[in-house]
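The primary structure of each chain is shown beneath.
Number of protein chains: 4
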Amino acid sequence: MRFDTDSFRKRARENFERAWHEGPEVLTPSGREGRYPRLSYSRAQTHPIYEMVNRLRETYLLIGFDETCNPIIVEEKDVYRQFGPEASAVLDRVFYLGGLDRPNQGIGRPELDGISRITGKDVSPDEEARLREILQKYKKSAIDGDDLIHATSEALCIDDGMTVEIYDRVFQAFRDLEPQSSRNTLRSHMTSGWFLTLSSIWDKSPLPLRLFSVDRCFRREQEEGPTRLMCYHSASCVVAGDEISVDEGKAVSQALLSAFGFTDFRFTPDEKRSKYYMPDTQTEVYARHPVHDWVEVATFGLYSPSALAEYEIGIPVMNLGLGVERLAMLTYKSDDIRRLT
Amino acid sequence: MRFDTDSFRKRARENFERAWHEGPEVLTPSGREGRYPRLSYSRAQTHPIYEMVNRLRETYLLIGFDETCNPIIVEEKDVYRQFGPEASAVLDRVFYLGGLDRPNQGIGRPELDGISRITGKDVSPDEEARLREILQKYKKSAIDGDDLIHATSEALCIDDGMTVEIYDRVFQAFRDLEPQSSRNTLRSHMTSGWFLTLSSIWDKSPLPLRLFSVDRCFRREQEEGPTRLMCYHSASCVVAGDEISVDEGKAVSQALLSAFGFTDFRFTPDEKRSKYYMPDTQTEVYARHPVHDWVEVATFGLYSPSALAEYEIGIPVMNLGLGVERLAMLTYKSDDIRRLT
Amino acid sequence: MRFDTDSFRKRARENFERAWHEGPEVLTPSGREGRYPRLSYSRAQTHPIYEMVNRLRETYLLIGFDETCNPIIVEEKDVYRQFGPEASAVLDRVFYLGGLDRPNQGIGRPELDGISRITGKDVSPDEEARLREILQKYKKSAIDGDDLIHATSEALCIDDGMTVEIYDRVFQAFRDLEPQSSRNTLRSHMTSGWFLTLSSIWDKSPLPLRLFSVDRCFRREQEEGPTRLMCYHSASCVVAGDEISVDEGKAVSQALLSAFGFTDFRFTPDEKRSKYYMPDTQTEVYARHPVHDWVEVATFGLYSPSALAEYEIGIPVMNLGLGVERLAMLTYKSDDIRRLT
Amino acid sequence: MRFDTDSFRKRARENFERAWHEGPEVLTPSGREGRYPRLSYSRAQTHPIYEMVNRLRETYLLIGFDETCNPIIVEEKDVYRQFGPEASAVLDRVFYLGGLDRPNQGIGRPELDGISRITGKDVSPDEEARLREILQKYKKSAIDGDDLIHATSEALCIDDGMTVEIYDRVFQAFRDLEPQSSRNTLRSHMTSGWFLTLSSIWDKSPLPLRLFSVDRCFRREQEEGPTRLMCYHSASCVVAGDEISVDEGKAVSQALLSAFGFTDFRFTPDEKRSKYYMPDTQTEVYARHPVHDWVEVATFGLYSPSALAEYEIGIPVMNLGLGVERLAMLTYKSDDIRRLT
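Residue numbers (our numbering), protein chains in the order written: chain A, 1 to 341; chain B, 342 to 682; chain C, 683 to 1023; chain D, 1024 to 1364.
Hints in this document: simulated from the structure, not taken from any laboratory.
Wrong hints could be hidden among the right ones.
[Stated by the list, open to error] 27 Å max Cα-Cα, derived DSS-like pairs, lysine-lysine:
#, chain 1, residue 1, chain 2, residue 2
1, B, 545, C, 821
2, D, 1356, C, 886
3, D, 1227, A, 10
4, D, 1227, C, 821
5, B, 613, B, 418
6, A, 333, D, 1356
7, B, 674, C, 1015
8, C, 692, C, 821
9, D, 1100, A, 10
With the sequences and hints as input, model every part of the structure.
Right, here's the structure in full:
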C-alpha cells in the first residue's frame, strides 16, 4: 500500500533499527492470486521450427550471404531442364497445382423454375438477362468469386440468403466442380528456385555471388512420418563465381554448422549422384555434436554445367542445403518431427 | 608493414615531435584494390519481406503471443466447414494439390524388343520377371522414385544411362503421365489453419490463448500484379477465451502496428461480411503513418460460433490478420510488390 | 462465454443464415476494463541508448568484426605512454579513481568509556583484546567491510544496533574518513583500452585483426550539457595488419553508417591533430542523412607508431570511433542528450 | 571458369550422360588458398559477456519490463540515505571519483628565463601578458585542456613542439599535479541508481512500474580473482506498485532464469540482512541447471520504507539483481571470470 514518506523518514531518524523492523507494515497482504507460483511472469513461447529458421537466417547473414526470395511455383518444364533424365523421378514426388474451373451454368426452364420456388416470385426477363450476364462475366473472370453472390442478389432483387440457396440447390454446374491440375508444381528442393533466380542475375552482379534462402519446400510423400513432412523448410545457399570449387561447400558447412554446436566435420561422397550436380561433387556433410555424436546434417555439390547451360548460367555454382526440421530435431532432441510442428 | 618497435620507441624518446612526423614511413603504399571505395566492407543484405516477417514475429512475441505452426495443407471439406455457403467463392481462388499417378506399364513384345534395341542383347526370362516385379512394386509405392532407375539397371544388368533411355523411349506409360488433382488445398488464409489448431488444443490449455503465426499462404490469382502475389505471407493471430470481445482486435492492432511507425488508429466495419466472422465484427484497421498518412493495414473479427461449432471450439475467438508484403511495401515505400520479392 | 457446440452446429445446419446472425449471443458483455483503449497490449519499451548500442553491435558483427572487452580502468602512466606530450591535456578531463583508506582506530580510555555508555556495561579485558584484533584485521583487509559490524557485536557480546552506534559515535577514526585518489583512471576514450588489448594479442592472432567494442567511457566534464555527458558510450573499432591504410577508415565508416540510414560520405582532415594518430591521418567523417543532411558522425585515424611502439605493437592500426549518444540523438531526433538518458 | 552455355547445352542434348561426365572441365583448379580448410568463411565472434548482456536484455523485454538508464555516478550522501548505518561498510568498497586540479602557475623570472632558453628569444611584455591571461583562463576553465598548447603557441609566436617542451620543463606546477578525490562515487550496486530513478518518476507513471537495466557497476576490490571483478555488469530490475509482495521476486526469477536453461527454483532467506531491504525479505535464488545442478544465481528483496522514505518513494518496491559475469561463467562453463573478459 502507499505510505507516508515524511512520517517514515522521521521514524527512521529517531530510531533507525526500530523503523527498519517496522518496514513490513507497509505491505498489503496478498491474496492467492498474488502468491508465487500463481503469480507469474510469462515469456511468450517461440516455436522450435521458426526459431531454427531465424537462427539459420542470422548465421547465413553473419557469414556474409545475402538473403534471397526464390520462386515457390515452378513449371514442370523447368524440372525437366534442371534434372534431365532424372526429372520423372523428381516429379513423382512433386505437388502439382490445380484449381476449379469456373462453371458454364446455363439458364433454362428448370433453373428459372428452381429460382422461383426459392424466391416465391417469377424471374422477369430483365432479371433473367442480368443473371445470364453475371454468369458469363464470372466464367470469364470479369467478376470475382467474392462478388458473385452479392451481384446475383442485386440482379434478382433478393437477399443473399436466397441467392446462396439458389447456387446450392439449383445451379447444378456449381455443385459438381472438379479441380483440374495444371503443369505448375511446388518446388520440392530449393534448387529449382536457384536456377531461376541465378539465371536472371548472375551476369549483372559482382562475382562471386553468395546467396541464401531459408523457406518452405514441398514433397508429395505417401504419408508423413517421424522424419518426413510434406511441407518442410530448406536452408539453402549458392556460391557462384569463376573460381568456385567443391571446397566452398566444406567451408560453408563448417561456418554454418559450428554456430549450432557442431564441432568437427567429415565430408563423404553421396551415393546418390543427382544429375543436377557434377559427377563426384555431391557430398554428404557429417558433423559431430556434443549430444548426438556424428550425424548427417547437410548435402552440397557443384551444379552440373549441363543444367546450368539450360539457364544460360555460364559460371560454376556451389549449392548447399540442409533441412531445418532435421536440425531442429537434433537441437531440441526430438525424435518425431511431427511433434515439433 | 611491420616495424621495429624498439627503434621507434627510442626515436620517440629522443625527439617526440620528429618521430611523430616520421610515423607514416611504416605504411605500405596501397594498390588500387586497397583504396576506398574499392576497399569496402560489405554487410550481408537482408530481404525486405523476410525482414518484415522477422520484425512481425518479434513484435508478436514482445506483446505476449505464443508462436504456432499451423497446417498449410487443408482438405476441401474443411473449407466447407469453415466458410459455409461462401466456401465455393473461397475455393474458386484456392490451389488444389495434385500429383502424378504411378503408371501401369505392361511388359509385352514391343517393350522387350525396344529394350533389346537399346541394350544390344535379349532380355532373359529372369530379367523380364525382375523387371515386372520392379514396375509393380513401383506402382504400389514399394519402390521410391529415386531408386527406380538404379533398381532397373541392376535387374537388367545394364548401366543407368541405358535404363534412362529405356524409360524415355520404350515405356510409353511413363511418358504420358497426367497430373491428377486431389481434394487437398493450400491454405489461402491463415484462418483455415487456426480452426484446425484451435480445435486440438483449446480445451487443454489455460485461457485466454494468445497465438500467432507469420507464414506463407497461397491464392490462385489469374495473374500477379503490383499488389497481388500467388504466394504471400500472412501475419495472423488469435485470442481465444471466455470473455473475448471485438475490442481485442483493436488492442492488438494498436500494439502490433505502433511498432512499425503507425501512430493513430481507426476501426471501420468491413463491407465484406465473411461468414466465418460473426455479423458486425469484421473490422478494417486504418492506421496513420508519417509518410503514407491513413492506410488500411489489417482486418480482424470474431469467428462465428457456426464455424467454431464445426470444430467443437466452444469459446469466442478473435482473429486478426495482415499481409506482410503490404506492410513491407509501406515500410520500404515500394509501389510494386513484385519488385520486393 | 462458453457455448454448446453441438447445439450451435445443429442450428447452423438447419438454417445457416439465421444461426450466423445469432452468433453474437455467445459474447459476454465486457465491462469498462475490457473495452479499447482501456483494454490494451503493452510492448515493453526499449531505451534509445541501449537500442543504439545493440544495433551498432549487430552491425559491427555483420561487417565481420569480432567483439572485444577492453579494460575500463587504465593506469595514469598508460595515458602518458599513449598520448605523449598531450597526456596532461587528456588527464585534465579524466576521472581518477579513489577510495577510503581503512582507519587506524586506537582503543584507549575514551573509547572504552564511550562503549560502556552505550552498552551499559564495562568492556572486559577479553572483549577489549578481541575488539583490537578485529580493528587490526579490518585495517589489513583480513575482515570484509560487510562483516565488521557483525564481528564486533560478537566480540563485545552485544547486538548490531549497539555496535552501529559505537562506530557512529565513539570511533572517531571511522567518521572522518577522506577518500584518497589513486593513479588509476577511467578510460576517457576507447583508445586507451585498445592499446592494452592489442598489445597482448596482436602477435598471437591471424592478421588482419578486426575488433570492435561498444561500451562505456567517462569524461570529467565541468558540467553536463545537451551534447555532453560524463558517462557515454563509444562504438569503437580497430583494424590491425601489415597492409592497413587510412582507407580502412573510409570503408568501415561507410559500411557501419549506411546501416543507420546515412547515404553519402565525406572525409575531411581533422583540425585536431592528436598525437596518438599519425600526422595527416586523423579524419572526420561527415555523412548525409535524409533528415539531418550532412552531419559529423565519426572520427578515424591510424595510430602513431610512436604510441604503438610503447606497447610493442609492430603493425599499423586503424582506429575509428563514434559516440553512441550522438548517433541516438540523430536517429531519435532529440536535441538534448540528457533527455535520452 | 566461365563456359559457353550454348555449346554445353548442345552437348547435353546430343548425349546427356557424356556431357554430364564432362562437367568438371569447367572448373579452375584451385590453389592452396582455395582449398578447405584454408578456404573458410568466418563468422564474427561475439563476446560471452556482451552476449549474456544482450540475452538478459531481450528476456527482460519479453517478460514485459521496460528498459531504463540509471545514474552511474552517485553522491556519497546518497549512499548514506540508502544504506543507513551500513553505508560505511558499503563505501569501504566503493570507488570515489577524483581528478586533477588545474594548476596555479605563476610567471616570474625563472619561468621567463626557462622559456627563453627553449625558444632562443626573449619573451616580450605583450607575450608575457597574453601568457598570463591564458594560464588564468585555463585555471578558471575558460580554456579547454585540448586548446591550451595551441593557444600558448599563438601567444608566444612559437610552434607547438616548443610549447610542449615549455610546459614539460619550465612550468613546475603542471608537473606535480596530484589527483584530488571528490565525494562522488561510482555505483557499486544498481540499487543506488534505482532510488534516484524511481524517486523522479514513481508518482508520474501508471503503476505497477516494471523496469530493468543491464549495465556496469564498480567495486573497489583489493584485487580481482576468478569470481570477482572491479568492473562488472548487473542485470537488475524493480517492480513498484501498491500491492507488491516478495512473491514478485520469485515470479521474476523463474521467468528470467528459465530462459537460460534453469529448470527448478528454490528461495532461501539471505543471511546478509542488508538494511536497504525490509527485514526477512532478502532472498537468495537457487536454480537447478542441467550441467551445474543447484547454484545460487540471484538475490531479491523489498526495499525498506526507511530507505524509500529518504527519496519520497511512497510505495513498496521489489528489487532483483544478478551478476551477468556469474551467469556467463555458468553458461559458458568457465571457472575464471577473468578469462571471459
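Here's how the hints hold up against the structure:
With a C-alpha separation of about 64 Å, the suggested pair residue 545 of chain B and residue 821 of chain C falls outside the 27 Å cut-off, and the hint is violated. For the proposed pair residue 1356 of chain D and residue 886 of chain C, the alpha carbon gap of about 24 Å is at most 27 Å, so the pair holds. Between residue 1227 of chain D and residue 10 of chain A, the direct Cα distance comes to roughly 24 Å. Compliance with the 27 Å bound is thereby established for this hinted pair. A C-alpha spacing of about 46 Å is found between residue 1227 of chain D and residue 821 of chain C, which places the hinted pair above 27 Å, so the restraint is violated.
A C-alpha spacing of about 23 Å is found between residue 613 of chain B and residue 418 of chain B, which places the hinted pair at or below 27 Å, so the restraint holds. Taken as a hint, the residue 333 of chain A and residue 1356 of chain D pair is honoured in the structure, with Cα atoms around 21 Å apart against an allowance of 27 Å. Only pairs whose Cα atoms come within 27 Å are accepted, and residue 674 of chain B paired with residue 1015 of chain C is accepted, the gap being roughly 21 Å. A distance of roughly 87 Å separates the Cα atoms of residue 692 of chain C and residue 821 of chain C; the hinted pair therefore is violated under the 27 Å criterion.
Distance hint between residue 1100 of chain D and residue 10 of chain A is fulfilled; the C-alpha atoms sit about 18 Å from each other, no more than 27 Å.
Hint violations for this structure: numbers 1, 4, 8, all remaining hints satisfied.
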